[in-house]
Amino acid sequence: QHFTLEIPRVTIDELAKNSTLRTGLHAYVLSGFAQQWNAINWTLDYLTKKIPFEWVDYYPKNMDDVGSKPFLFKFDRAVQEFQQPKEIRSQLPKYMQIRLSLRGWKRLKKDFAPKPLPEVFWDDDEWISKCMQK
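Using the working numbering, the first residue of the sequence shown is number 355, and each one after it goes up by one.
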C-alpha cells in the first residue's frame, strides 16, 4: 500500500487569502519568499566574518562511524580546517555542526528580513531571551 501526502505550494499572496492554511493545522510550502532574504546568499567566508566566535563540532571523517568523535573548534578555525585540512587529513566527507549562541543568532537573524505574514509566522524574539538565559 502506497501513501502520499500532497502538500500545496503557495505564494505569500495565496497564503494571505487562504484562511485554512493560516490556521497552522495544515502543511504547506511557502514558495518564492526566501529569495529576498540575504541569508540565501550566505557563504562560509561571510559566516566567518559574522560569527567567528561560535563553537563548532567538526567531524573530519563525517558521522558515518558512531565512534567518530568531533573536534571542538571556533567557527573560523573549523572553516579553515574544513576548506584546507592541515591537522586532520581525510578523504572522507566532512561535517560541521554550529553551536549557535544567542549573540550569533542576533547577528544572523537580520538576514531573514522581511518576515512573511507575522500573524502566521511567529517570531522567536518573544521567547528566545527567556529561553537562552544563563
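If you are wondering where the hints come from, they were derived from the structure by calculation, not from laboratory data.
The beta-carbon is built from N, C-alpha and C at its ideal position, and this holds for glycine as well.
There could be a bad hint or two in this list.
Label-pair ranges, simulated between beta-carbon atoms [as the list claims (entries may be wrong)]:
#1 363 <-> 416: 41 to 49 Å
#2 447 <-> 487: 17 to 25 Å
#3 469 <-> 406: 25 to 33 Å
Under the rule of at most 20 Å between Cα atoms (straight-line distance), these lysine-lysine pairs were calculated in the PhoX-like manner [what the hints assert, rightly or not]:
#4 440 <-> 463
#5 428 <-> 415
#6 371 <-> 415
#7 403 <-> 464
#8 428 <-> 448
Results of checking the hints against the structure:
1. 363 <-> 416: 41 to 49 Å: violated (32 Å)
2. 447 <-> 487: 17 to 25 Å: Since the Cβ atoms of residue 447 and residue 487 sit about 37 Å apart, the hinted range of 17 to 25 Å is violated.
3. 469 <-> 406: 25 to 33 Å: Taking Cβ atoms as reference, residue 469 and residue 406 lie about 27 Å apart, which means the hint holds.
4. 440 <-> 463: At roughly 32 Å apart (the allowed maximum being 20 Å), residue 463 and residue 440 break the hint.
5. 428 <-> 415: holds (18 Å)
6. 371 <-> 415: violated (48 Å)
7. 403 <-> 464: Holds: residue 403 and residue 464 sit about 15 Å apart, inside 20 Å.
8. 428 <-> 448: Given pair residue 428, residue 448 holds - Cα atoms ~16 Å apart, limit 20 Å.
When each numbered hint is compared with the structure, violations occur for hints 1, 2, 4, 6.
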